[in-house]
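Keeping their order, the protein sequence lines are chains C and U.
Its first residue numbered 1, the first sequence is counted upward by one per residue in the working numbering.
Its first residue numbered 1001, the second sequence is counted upward by one per residue in the working numbering.
Relax, there's no trap hidden among the hints.
Simulated crosslink set (EDC-like; lysine to aspartate or glutamate; CA at most 20 Å straight-line):
| hint | chain 1 | residue 1 | chain 2 | residue 2 |
| --- | --- | --- | --- | --- |
| 1 | U | Lys1148 | U | Glu1028 |
| 2 | U | Lys1125 | C | Glu35 |
| 3 | U | Lys1131 | U | Asp1160 |
| 4 | U | Lys1215 | U | Asp1256 |
| 5 | U | Lys1148 | U | Asp1071 |
| 6 | U | Lys1148 | U | Asp1027 |
| 7 | U | Lys1110 | U | Asp1174 |
| 8 | U | Lys1125 | C | Asp116 |
| 9 | U | Lys1131 | C | Asp116 |
Derived from the structure by calculation, the hints contain no laboratory data.
Keep in mind it's a predicted model, so treat the numbers as computed, not measured.
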Amino acid sequence: MNTPSNTVPESHAGSQAISPAVVTTWPLFWSIRRELWGNRSIYLAPLIAAAVFVFGFLINMIILRRRMHGVWTLDPAQQHEALAVPYEIAAALIMGTAFLVGIFYSLDTLYGERRDRSILFWKSLPVSDLTTVLAKVAIPLAILPLLSFVITVVTQLIMLLLSSVVLLGSGLSVAALWTHSSFFHVSLMLLYHLVTVHGLWYAPFYGWLLLVSAWSPRAPFLWAFLPPFVICGVEKIAFNTTHFLTMLQHRLTGPEVMTAPGSNLMVVIAALTPVEFLSEPGLWIGLAIAAAFLGTAVRLRRYRGPI
Amino acid sequence: MACIEARGLRKSFGTTIALDGVNLRVDEGRIVGLIGPNGAGKTTAFNAILGLTPYQGELRVLGRDPWTERDQLMRDVCFIADVAVLPRWIRVSQALDYVTGVHPRFDRAKAEGFLTKTAIRHTSKVRELSKGMVTQLHLALIMAIDAKLLVLDEPTLGLDILYRKQFYDSLLNDYFDRSRTIVVATHQVEEVQHVLTDLMFIDRGRIVFDCSMEKVESRYLEVMVHPARLAAARALRPIHERQAFGRSILLFDHGDRQQLAALGELRTPSIADLFVAVVGNQSGQSQGASQ
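Working from the sequences, and respecting the hints, build out all of it.
Given below as C-alpha cells:
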C-alpha cells in the first residue's frame, strides 16, 4: 500500500505534450493528508493543550521565583518534585489529549463520511476501501503518537528555556534544572511508550471503534460503548465473574500492569524492555484482534452507502 | 466493444424490487440517456455499474466486475451522483491536490482551466460555495479526468439555466470524443435531447425502451391531425394520443411518412412525449418495447 500503485501512461499535466509520461499516485499518503485536512483537531487539540499548559507553567514559575527570594532551600526530593514533575504532567496532558482525539476521530470518521454523503465522492476515485481504512487507522496508531511526541518534546524544551530564564539569578543553578528534567532520557522513554502502548497495545481499541464507525446506522458512540457494558453485566449476573472487565482494564492500563503500584509513569515504562514487550502474548493477541476488526471494517465500507 | 453489458441484473431491498432483470448493452463512444420516473431503478442501476452495491445477475463494465474491482474500475470510470457529495470542509485547492494525488488520469491544468471560467476561488471551502458552484467544482474535477466512461446522475441539479446549457455544450465540445462513453440520467429531458446518441427508458426496474436517436427520428412520428381526418388517423393505430391547443396529436410507430403527412402537420416527437407514450402504454404490463 505504501508503494506507488500501477503506473499509467498519461500526457503531462500542465503541458500539452503528446509524449506519454508516467504518472505515479500515492493513494495512502494522500488519504492520510486528506484525514488531516478534514480533522484539524488531530493536531490542533494537542497543540492547544500544550499552549495552555505552558501558560500555566509560566505563571507557576513566576510565583515560585517570588517565593524563593533568591534562596533555594529545598531538599533533593523536593527539588525533584518541583523540577521534574511539571515535565511529566506536560507529557501526560498532551498524550491524554491525543488519546481522546484518537477515540473520537476513530468513532466518527467512517460514520461521518456516510452521514455527509461524501463517501460517494471518495468512492468515485480509484482508492480501495483497504487503503482508505488503513489511512484512517494510521491516524490513531501512528500519526497521533508521533505528533504528540514532537509536541511534547518541543513543549518541554520551551518549558526548560522558560524556567532557565525565569530562575536565572534566583540562586538555583540552571544545571540542576537540566539534570533533574533529564531531558533526552525522558524523551526517549516517552517515544518508546508512545510506540509500544499507543501504537501497538491499544490497536484493538481503535480497530473496534473503526468497525463500529463503519457499521453503525446511527449513534456510533452508543454502539461502541454499550456492548462492552452489556457483556460485563451479563457475565457478572450469569457467572458472577469479571473476566471481561479485567481483560479490558488490562488492555487499558497497558502491559506494565505487573510492576509495583505507585511508581511513576516513566519508571514503569522503563521497566519493560522491548524484548519483554514483544514476547508478551497479549500484544500479539491484541494485534490479531485489531486486524480482524479492521478487516471487517474494510468489508463493511464496501457495502455501506450514504445514510 | 461493449462498455457496459448487463444480463438479468437484479437487485432488491427487502420486498422492494429495484432492478427486475435488466438487460442492457452500451457500446463504446455512445452518449446514452437513461430516462425514468422516480423510483424506477436508475440510481440502483448506476450504483451496480459503479460498484457501489452488490447485485445478482451478470454485469461487466469495461470488461471488469464492478463489485469486486471498484478501485481498479475507477481509474477509467468517473461519476457524479445525484446530490452534492463533496465534503463540506474541503478547500478547492485541497480537492485539486487530492485528486491529483490519487488519480493517474487527472489533468490538473484542465480542471483549473474550467475553474477560471467560474467565480470559484482556490482558497474557498466547499461550505462557503453556493449550491451551483459546488456542482461546477465537482464537474470541473470530473471532466478533467481522462476516463473511458462517465456516469452522470442528474448532473445539473441546482444549476441555473445558463450554466446547464453551458454544461452540456462543454460536455460535447471539450469532453466527448468518439472513444468515450457517457451515460446520463436526468429529468430535464429537453436539455439532453440533442446531445444523446441513444435513448433508454427504465420503469419499475426494467429497461422498457432501448433505441438509437437516429432510429427514434426515423421510427416515430407525431402528427397534429386536422380535426376532419381524426377518424382516419385513429384507424392507423397510433400508439398514443393527446390533446394540445384544441387539436389531437397522435404518435405513430413505424408510420408511413407520406400517408401521415396527408393527415396533418408532421414532427419528431420530443423525448418527454415519447416517454409518456411508451411508458404510459405499458403501465401494468411489462413487455419489453425494445426492438
